[in-house]
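Participant: Based on the provided sequences and hints, a complete structural model is requested.
The listed protein sequences derive, respectively, from chains L and F.
Quick note, the first sequence lines up with residues 0 to 74 if you use numbering that gives the first Met the number 0.
Quick note, the second sequence lines up with residues 0 to 260 if you use numbering that gives the first Met the number 0.
Source of the hints: derived by calculation from the structure; they are not laboratory data.
All C-beta atoms, glycine included, are put in the ideal place defined by N, C-alpha and C.
Treat the hints with caution; some may be incorrect.
Said to hold, decoys possible - In silico SDA-like cross-links for lysine to any residue, where the CA-CA straight-line distance does not exceed 25 Å:
id	chain 1	residue 1	chain 2	residue 2
1	F	K84	L	L59
2	L	K6	F	H124
3	F	K88	L	K6
4	F	K88	F	I138
5	F	K55	F	N34
6	F	K84	L	K6
7	F	K84	L	F50
8	L	K6	F	Q12
9	L	K6	F	L197
Claimed, not checked - In silico contact screen, one side only, chain F against chain L (beta carbon under 10 Å); selected entries:
id	residue
10	I41
11	V45
12	I48
13	F49
14	L51
15	N81
16	S182
17	F188
18	V189
19	M192
20	V196
21	I240
22	F245
23	L247
24	L248
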Amino acid sequence: MDMEAAKLIGAGLAAIGAGMAAIGVGNVFGSFLESALRNPGAADGQQGRLFIGFAAAELLGLLAFVVAMILIFVA
Amino acid sequence: MAAETAKVDPMHQFTIEPLLGANMDVAGFNIAFTNSALWMLITAVVLWIFMLGGMKRELVPGRWQMTVETFTGFIDDMLEANVGKEGRKYVPYIFSLFMFILFANLLGLLPLGIVGLHPFTFTSHFTVTGVLAIISFSIVLIVGFWKHGFHFFSLFVPHGTPLPMIPIIFPIELISFLVRPFSLGLRLFVAMMAGHVLLEVLSSFVIDGWNAGAGFGLLVGVPSFLLMIGICALELLVAAIQAYVFALLSSLYINDAENLH
Numbered sequence: 000m001d002m003e004a005a006k007l008i009g010a011g012l013a014a015i016g017a018g019m020a021a022i023g024v025g026n027v028f029g030s031f032l033e034s035a036l037r038n039p040g041a042a043d044g045q046q047g048r049l050f051i052g053f054a055a056a057e058l059l060g061l062l063a064f065v066v067a068m069i070l071i072f073v074a
Numbered sequence: 000m001a002a003e004t005a006k007v008d009p010m011h012q013f014t015i016e017p018l019l020g021a022n023m024d025v026a027g028f029n030i031a032f033t034n035s036a037l038w039m040l041i042t043a044v045v046l047w048i049f050m051l052g053g054m055k056r057e058l059v060p061g062r063w064q065m066t067v068e069t070f071t072g073f074i075d076d077m078l079e080a081n082v083g084k085e086g087r088k089y090v091p092y093i094f095s096l097f098m099f100i101l102f103a104n105l106l107g108l109l110p111l112g113i114v115g116l117h118p119f120t121f122t123s124h125f126t127v128t129g130v131l132a133i134i135s136f137s138i139v140l141i142v143g144f145w146k147h148g149f150h151f152f153s154l155f156v157p158h159g160t161p162l163p164m165i166p167i168i169f170p171i172e173l174i175s176f177l178v179r180p181f182s183l184g185l186r187l188f189v190a191m192m193a194g195h196v197l198l199e200v201l202s203s204f205v206i207d208g209w210n211a212g213a214g215f216g217l218l219v220g221v222p223s224f225l226l227m228i229g230i231c232a233l234e235l236l237v238a239a240i241q242a243y244v245f246a247l248l249s250s251l252y253i254n255d256a257e258n259l260h
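Facilitator: What follows is the structure, encoded as structure tokens:
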């Protein structure tokens with residue numbers, strides 16, 4: 000296979016990771032809302048943890064983006 | 000390479016250009032005043048004006064003072080919730096960090112392109128966010144070793160770890176600790192870069208769509224433009240969230256140094 004084509008296919012495959020991170024981030028906020036509606040009084044105290052979870056889930060998606068960028072522009 | 004054939008190069012906006020003293024060298028390093036430095040200066044000046052307007056300490060605060068005090072109170076609450084009473088001495092650092100990143104992100108999103116200026120988001124460069132992350136990490140290390148001495152290493156062995164597990168747990172915790180400055184800087188830099196690339200790609204859809212004829216313009220250009228408005232709102236949210244996450248994680252790491260586990 001042509002080297003250039005292989006890089007672009009790899010970058011495209013890395014985009015799957017971004018979609019996976021979307022599931023993760025959706026899961027974080029979805030679970031938070033679900034439980035916040037059950038117990039609204041406790042919701043405000045957990046906002047810090049919500050954003051920690053969001054940051055952790057998002058980082059992995061951003062790593063997938065970095066892989067794609069490295070494949071297209073650096074490698 | 001794909002980027003070279005595209006009409007709109009989404010990476011061009013991140014180019015660093017020297018504005019003053021392009022040939023100034025100190026010990027082999029170029030110290031030209033770049034557009035990145037210019038926007039850091041603008042951010043610092045805007046932040047300074049913002050703070051100056053809110054520090055009149057009136058007994059009955061006006062709107063401006065209320066805005067500033069909301070931000071300081073927000074950071075104060077965050078540190079008190081995450082670090083505790085001793086966390087209050089870090090308010091100046093975390094507050095400066097949060098406001099600097101927030102203002103940088105927001106100023107980089109300003110639609111100055113319509114008057115011919117090119118806003119530059121310096122937080123979309125790993126050199127900048129990496130240095131900010133290293134400052135946070137050094138504070139954690141200095142405070143940790145200053146306060147706890149070599150007892151600081153007990154951070155890597157959580158309470159109640161069974162003795163046979165220590166040789167395995169210790170390297171894992173150590174690596175996860177050492178990766179922190181990297182992930183902290185990477186998160187901000189990639190989130191800002193991805194957002195700006197996305198906006199640029201969408202704008203290239205609008206431009207190329209209308210260039211290809213009115214049919215393509217209506218079919219591709221108009222929906223892309225509507226999507227772009229939505230993404231712009233999302234980017235404003237991301238700019239605030241990333242500044243918040245950076246400050247939040249910095250305060251959590253400081254909590255580790257201050258209180259161990």
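Participant: State for each hint whether it applies.
Facilitator: Checked hints:
1. Our distance criterion of 25 Å between C-alpha atoms is broken by K84 (chain F) and L59 (chain L), whose separation comes to about 33 Å.
2. Of the supplied pair hints, the one linking K6 (chain L) and H124 (chain F) holds, its CA atoms being roughly 24 Å apart against a limit of 25 Å.
3. Restraint check: the Cα-Cα separation between K88 (chain F) and K6 (chain L) comes to about 49 Å, which exceeds 25 Å; the hinted pair is violated.
4. For the hint linking K88 (chain F) to I138 (chain F), the alpha-carbon distance of about 12 Å falls within 25 Å, and the restraint holds.
5. For the hint pairing K55 (chain F) with N34 (chain F), the CA-to-CA distance comes to about 33 Å; that exceeds 25 Å, so the pair is violated.
6. A threshold of 25 Å between alpha carbons decides the hint, and for K84 (chain F) with K6 (chain L) the separation of about 52 Å lies outside it, so the pair is violated.
7. With a C-alpha separation of about 22 Å, the suggested pairing of K84 (chain F) with F50 (chain L) holds against the 25 Å cut-off.
8. At most 25 Å may separate the alpha-carbon atoms for a hinted pair to count; K6 (chain L) and Q12 (chain F) meet this at roughly 23 Å.
9. A distance of roughly 20 Å separates the Cα atoms of K6 (chain L) and L197 (chain F); the hinted pair therefore holds under the 25 Å criterion.
10. A cut of 10 Å between beta carbons decides the hint on I41 (chain F): the least distance to chain L is about 26 Å, and the hint is violated.
11. Taking 10 Å as the C-beta contact cut-off toward chain L, the hint placing V45 (chain F) at the interface is violated, the least distance being around 25 Å.
12. Using the Cβ-Cβ criterion of 10 Å, the hint placing I48 (chain F) at the interface with chain L is not satisfied: the shortest such distance is roughly 29 Å.
13. The beta carbon of F49 (chain F) is not positioned within 10 Å of any beta carbon in chain L (closest approach about 24 Å), and the interface hint is therefore violated.
14. With its C-beta approaching chain L no nearer than about 30 Å, L51 (chain F) sits outside the 10 Å limit, and its interface hint is violated.
15. Proximity of N81 (chain F) to chain L holds as hinted, the smallest CB-CB distance being about 6 Å (cut-off 10 Å).
16. For S182 (chain F), the shortest C-beta to C-beta distance to chain L is roughly 6 Å, which falls under 10 Å, so the interface hint holds.
17. With 10 Å as the threshold, the beta carbon of F188 (chain F) comes within range of chain L, its nearest partner Cβ sitting at about 9 Å, so the hint holds.
18. The beta carbon of V189 (chain F) comes within 4 Å of a beta carbon in chain L, closer than 10 Å, and the hint placing it at the interface holds.
19. Against a cut-off of 10 Å between C-beta atoms, the interface hint on M192 (chain F) holds, since the closest Cβ of chain L lies about 8 Å away.
20. For V196 (chain F), the shortest C-beta to C-beta distance to chain L is roughly 8 Å, which falls under 10 Å, so the interface hint holds.
21. Given the 10 Å rule on beta carbons, the hint for I240 (chain F) holds: about 7 Å separates it from the nearest Cβ of chain L.
22. Restraint check, F245 (chain F) versus chain L: the minimum CB separation of about 9 Å is within 10 Å; hint holds.
23. Of the supplied interface hints, the one on L247 (chain F) holds, with its beta-carbon coming within about 6 Å of a beta-carbon of chain L, less than 10 Å.
24. Hint on L248 (chain F) holds. Least Cβ distance to chain L is approximately 6 Å, under the 10 Å limit.
Checked against the numbered hints above, the structure violates hints 1, 3, 5, 6, 10, 11, 12, 13, 14; every other hint is satisfied.
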